[in-house]
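K.L.:
If you read the sequence shown in the numbering used here, its first letter stands for residue 10, the second for the next number, and so on.
Do not take every clue at face value.
Derived lysine-lysine pairs resembling DSSO-like cross-links, with alpha carbons at most 27 Å apart [said to hold, decoys possible]:
hint	residue 1	residue 2
1	129	89
2	113	89
3	129	99
4	99	89
Computed Cβ-Cβ distance ranges for the label pairs, DEER-style [to be verified]:
hint	residue 1	residue 2	range
5	40	86	46 to 56 Å
6	85	46	42 to 52 Å
7	134	54	23 to 33 Å
8	50	132	20 to 30 Å
9	113	91	21 to 31 Å
10	57	133	12 to 22 Å
11	87	45	33 to 43 Å
12	86	118	23 to 33 Å
13	114	44	31 to 41 Å
14	87	43	42 to 52 Å
15	62	138	18 to 28 Å
Hints are computed from structural coordinates only; laboratory data are not their basis. Virtual Cβ for every residue (Gly too), placed ideally from N, Cα, C.
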Amino acid sequence: MIHGGIVNDNIVFPVLDLIRKELKVFDVDHGIPSVILYRDHPLDDEIVTAAELTYESGLVEEIILIRGSDDESTYPEGIKPNHPDYEYCKYWRLTSVIISYYNKGENTQRRYEIDLNYDKRGLLDSTTVIKN
Numbered sequence: 010m011i012h013g014g015i016v017n018d019n020i021v022f023p024v025l026d027l028i029r030k031e032l033k034v035f036d037v038d039h040g041i042p043s044v045i046l047y048r049d050h051p052l053d054d055e056i057v058t059a060a061e062l063t064y065e066s067g068l069v070e071e072i073i074l075i076r077g078s079d080d081e082s083t084y085p086e087g088i089k090p091n092h093p094d095y096e097y098c099k100y101w102r103l104t105s106v107i108i109s110y111y112n113k114g115e116n117t118q119r120r121y122e123i124d125l126n127y128d129k130r131g132l133l134d135s136t137t138v139i140k141n
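Based on the sequences and whatever the hints tell you, model everything.
P.N.:
Take a look at the structure:
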């Protein structure tokens with residue numbers, strides 16, 4: 010059985026730390042953010058699907074968590090529609106994260122698309138980060 014949930018979601022935090030370190034290169038203190046959490050997963054309205062952090066400086070950090078996939082080739086070996094973990098892979102497993110930075114009222118300044126790559130056993134193997 011695949012183990013996911015909270016542990017799976019925590020994968021995003023080290024990646025966020027790396028991106029935030031890159032932002033510190035600008036040597037600007039953005040202050041403490043106010044946070045809005047969005048819960049709009051179609052199957053569970055308690056699951057956080059996005060967060061918006063608005064800093065005192067006006068910088069907005071938008072984090073979108075993409076869950077699930079219809080692409081069965083990304084599922085662990087042996088996961089078919091009759092398997093107990095099929096629904097987890099299809100609807101719940103964290104598959105990518107989109108992080109955007111912008112100033113209030115302006116277009117996106119930076120955008121990162123982070124794809125989570127899992128091995129044949131369903132364990133996180135690597136990430137692919139695309140900076141736009």
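K.L.:
Against the earlier hints, flag every one the structure doesn't satisfy and list their numbers going up.
P.N.:
Violated hints (numbers, rising): 2, 6, 9, 12, 13; every other hint is consistent with the structure.
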